[in-house]
Amino acid sequence: MKSLERHLRALRETGVKALVPYFMAGVTTDWVRHVEAAIAGGANAVEIGVPFSDPMMDGIVIQEAGLRSLANGTTLDSLCAEVAGLALGVPLIAMSYYNVFHHYGLAASARRLADSGIDGAIVPDLSPEEAEPWRDACHSVDVATVFLVAPSTPSERVTRIATMSEGFVYASARMAVTGRASDLGAAPRVVAAVREATDLPTFVGIGITTPEQAREAAQVADGVIVGSALVRTILDGASPADTEALVNSFRRALD
Amino acid sequence: MAEDTVYMSTPDEFGRFGEFGGRFVPEALMPACLELEDAFLDAWSDREFLAEYRSVLADFAGRPTPITPLARLSERLGISVYAKREDLAHTGSHKINNVVGQTLLTVRMGKSRVIAETGAGQHGVATATAAARLGLACTIFMGEVDTKRQELNVFRMELLGATVVPVTSGSRTLKDAVNEAMREWVTCVEDTHYCLGSVMGPHPFPWMVREMQSIIGHEAARQLRDVRVGTPDYVVACVGGGSNAAGVFAGFANSSAQLIGVEAAGGAAVGHGSPGVLHGMRSLIMQDEFGQIEEAHSISAGLDYPGIGPEHAHLAASGRARYVEVGDEVIIDALRTLSELEGIIPALESAHAVAWLIREAGREIPLGSTVLLNMSGRGDKDVAQVLSILRSGS
Chain A
1 MKSLERHLRA LRETGVKALV PYFMAGVTTD WVRHVEAAIA GGANAVEIGV
51 PFSDPMMDGI VIQEAGLRSL ANGTTLDSLC AEVAGLALGV PLIAMSYYNV
101 FHHYGLAASA RRLADSGIDG AIVPDLSPEE AEPWRDACHS VDVATVFLVA
151 PSTPSERVTR IATMSEGFVY ASARMAVTGR ASDLGAAPRV VAAVREATDL
201 PTFVGIGITT PEQAREAAQV ADGVIVGSAL VRTILDGASP ADTEALVNSF
251 RRALD
Chain B
1 MAEDTVYMST PDEFGRFGEF GGRFVPEALM PACLELEDAF LDAWSDREFL
51 AEYRSVLADF AGRPTPITPL ARLSERLGIS VYAKREDLAH TGSHKINNVV
101 GQTLLTVRMG KSRVIAETGA GQHGVATATA AARLGLACTI FMGEVDTKRQ
151 ELNVFRMELL GATVVPVTSG SRTLKDAVNE AMREWVTCVE DTHYCLGSVM
201 GPHPFPWMVR EMQSIIGHEA ARQLRDVRVG TPDYVVACVG GGSNAAGVFA
251 GFANSSAQLI GVEAAGGAAV GHGSPGVLHG MRSLIMQDEF GQIEEAHSIS
301 AGLDYPGIGP EHAHLAASGR ARYVEVGDEV IIDALRTLSE LEGIIPALES
351 AHAVAWLIRE AGREIPLGST VLLNMSGRGD KDVAQVLSIL RSGS
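Line by line, the protein sequences are chains A and B.
Under my numbering, the first residue of the first sequence carries the number 1, and numbering increases by one thereafter.
Under my numbering, the first residue of the second sequence carries the number 1, and numbering increases by one thereafter.
No lab work stands behind these hints, which were simulated from the structure alone.
Quick reminder that beta carbons are idealized off the backbone N, C-alpha and C, glycines included.
Be careful, since some hints might not be right.
[Unchecked claim] Which stretches of chain B does chain A cover? Using the computed rule of at least three CB atoms under 8 Å from a CB of chain A, they are:
#1 14 to 23
#2 168 to 182
#3 279 to 286
#4 291 to 303
[Said to hold, decoys possible] Short, incomplete list of chain A residues facing chain B, as computed with Cβ under 8 Å:
#5 Thr14
#6 Asp125
#7 Ala176
Bound conformation, chain B alone (with noise of 0.2 Å):
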């Protein structure tokens, strides 16, 4: 890498990074994206907006989170890690951070309504959570299956007030979800804001939510400072579509720590994807020979996503962050270590980012590193599911 190359910057005119990203999405859409780019760049510079969107995520979020030295686990692996606890924010995981500046950005644009794709259900329950806060009508698409997966979670969207309507096109999981949640927008721009929960999408998404995320890095890199940790050596986060790695690699990008993304195995689009075009992106894509997109399988529903953010398919191939992988086997364990150890019950996801740091620690991480592990989630919504496997005894 050029030693002058500044990372995680802003995308150029067509939201390219490098050669990923972009906008391919029908044209009843792009009046809106090119309406969303203009209200972002305005809004991410009006210093009224930004203090009203900081001041949300302190007072409703909980930020700032905390950073966690996890002594016992550092203990047991030879290495000094260090949690941002983003499983302490409001709703459970860092997804808040995106739908506090989306949902305020629909108000500004003069919308009434947001719409959202959900997985597990845990984007879908943060954007109830923020479109309930500014009563803003609220919409989520799930897909069928993952429905009937997280019930509990459907609930708590009702609850909030949003209705959730279970998607029956194509594998019914995750990326029909995002299919019709496009869908539903064509027909209803006029009022309403797709509330996209990734980094993904069409231009301005990827580079919106990065920055609605990097509260994330930007924090853990002044805690870091004041407990004179300083730049770790690693910063190690799960990704699926990639928002919470996006928001904690951008406080590290310009540094020496080396950035490591952790994919699921059976979702892995750096791993085992192709350049391809999806949801009005061109990024990494799992696909079969024909271009026709492939189903991802892992343990955890948000990781359970064919693609990956176009910015770090753009990291991947510029070398500054590495994409790893882990199989569903290890999660588990990797769950209940940290739980034992810890006393933090990770959500599925994040445990992904676990499992990498225990199956490495030695090996390809020397003994003796510093490690910032970004905890995106808690585990709370995963408990049932976890305990289904652990009796069937798998």
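Same shape as in the complex, but just chain A (with noise of 0.2 Å):
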């Protein structure tokens, strides 16, 4: 079992629903702030996005943010180099798409990622079907790789995915890119056929705009993902007490 797993399991175990903000490395010089004001807020990890000139499954949001991370010149190596050495004491997992792991090479990005203490990658462009490349790479630095469940994704390929995904299962809300959304979408459905194939933990993202979605998540999932609401703000101007603040607004409506 890798390390993100046991970590979210004994989470789990404790009663806790997790909170995992989402936020793009090098959108601002104080990307980490944000990170650490997250964590102070209640944050039991945080998901950090690297940035890839062509995001197919972002909304308007997260775009933004990756465009202006990349003219700011972020890289794999410098959005590692700023977490290496950081000590949140919560997990961290990488967002990309595959081609930016594709290109540095598999099994040195899974060591990079490794060394600079990030526990996880999501790769919404991976199938399982083009996986076993990466998971490879992956399993002998101890990084966990999480697949995506989908609301159109059939019964037996759930059962696929729940098995290949490591550290917990995201269960998209909706049939939609990251982005606001006024409601829950097909979440309490995709989390039941989750629970059905596998006891991993089971994180709802995709739309969770605000606190009290959050808790209506939370009555069926172990955890929310919460991504465009917050790099919004950042994309604004908040500062990290601002983050701070927002994150803390999730985490009362989570506990």
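Combine both chains into one complex, guided by the hints.
Encoded structure:
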């Protein structure tokens, strides 16, 4: 069992619902302060966006953050250097598109993540069918590969994905790219399907915009992922203190 | 190459051609790709479907397109050049072959809407045309930069009943239009088919689009036999994503003909790319040292794509086809030469293949060789651009 999974299972046993905010690495010079603020505000793990020029699964907010980050010169190496050595006390999960790792070298990327204290990776355009080389690369360095289940995923595929996913299963609340939404969409149904297939922790993401939605999602799932809602405020100039307050509002809704 | 190798047959179960291809898409789209693969396999072995496809291509799209001996160009170059006239197909290019097939498949899958990306607008116009014929709703994603460069094509699509969405993300050109179409598809995959315009994207698109374009090569092989030319020494086609080249190569892949794909120097994925993953496929991609996708730059919007279809990457790797490049600076001359000598104004894309012939006849192409040139599209869409280039004297 990978460290990420051990950590998240232990968290679930304490009865705490996991709050996993997402931040785009390098979007501002003080982005690491936002990560620290989020942890102070009650985050249980942090998803770190690695910018890519063509983010097919992301809505306009994350797209804008990624382009800004690239314009700032962010690379896999530069963001790993920034997080390495931080004593954050919660797991970090990198989220990027496959080409970034493919180009860097699968084994080299996996090792780079691991050496920087990153425990897992979410690669939304890496289908289970194509994932073997990446999983092999991650195997020896204790980096967990998290897979997504979509509302459109038929039940036999849910089983296959749940078997392959490590750390947790990312349950997509809706048929949409990342961004704000007004309700929970298909989240309860998707989570129920995943629960049939595995006892891995299951987190809901995509469209979780408000603390109230997070609370609702956490009634069925083990945790929630909040991305665009936080990234939007950072793009608009939020300070780390603002981020801490916003994350804390989600924390209070979950507890 | 091994003698018993069969080229351009079916990809493996993962949709791979050698080390290229595959299916790299968000999970939300995987079921749709699997459904499409099944639907295509089923339709492509169904005589009734094939009969309907062929009859629409004949009665609506104007197939078969002729083969024209280019007598004066041949005399000038000292080689025998035959043009496969996809420029005479309905909507002005080979794009119609693919969209006729995919829109029939859309109906067969019980879907009521198509979406598509377009660069210069040729695939968008073709998709809007085929959709109108079948009463399908149609939305075309086009980079905002391209909507301004190709205003008339935007209006053509609107006349045909399509909605054109200007894409304002990223570089606002073709690659971003593909991203946006994929993002849209995630939200509406239940009732919408993504009518991809080239031999690219996730499996089964590269294979399916090649199959739907292979009529170009099969027709041409038969036509050349009929006029006792037989197998040409060279088959030459321009390559952006590579659908017209894949279509014409398919008729000659297992013959003695040399297959030549001509890339635009500013969009040469074989010439300047490296293995990467973009838009659902592993192929040769133009990218920087960090794996960020580079923008292509070509005089022709249709070749302005930083990748190439995975089967082309495989044909290049295996040595079965060769990919060469020509720069923007020789394209206008090639277009004028063909216009003046043959009375055919080629699309700027097709002019790349003409330019390579002009450059290499008597050099790489031995004098006396026989060449099949795929005239993928007509130049009507480009005359305003050509006029402004000539007027500005550049």
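Taking the hints in turn, this is what the structure says about them:
Counting residues of the stretch 14 to 23 of chain B whose CB lies closer than 8 Å to any CB of chain A gives 3, so the stated coverage by that chain holds, three being the minimum. Counting residues of the stretch 168 to 182 of chain B whose beta carbon lies closer than 8 Å to any beta carbon of chain A gives 6, which reaches the threshold of three, so the coverage claim holds. Here the stretch 279 to 286 of chain B counts 4 residues with a CB under 8 Å from a CB of chain A, which clears the bar of 3, and the coverage holds. As drawn, the stretch 291 to 303 of chain B meets chain A at 3 residues by the rule of a beta-carbon pair under 8 Å; at three or more, the given contact holds.
This hint is violated: Thr14/A has a C-beta 30 Å from the nearest C-beta of chain B, more than the 8 Å allowed. At a threshold of 8 Å, the smallest CB-CB gap from Asp125/A to chain B is about 5 Å, leaving the interface hint in force. Interface restraint check for Ala176/A: the shortest CB-CB distance to chain B comes to about 5 Å, inside 8 Å, so the restraint holds.
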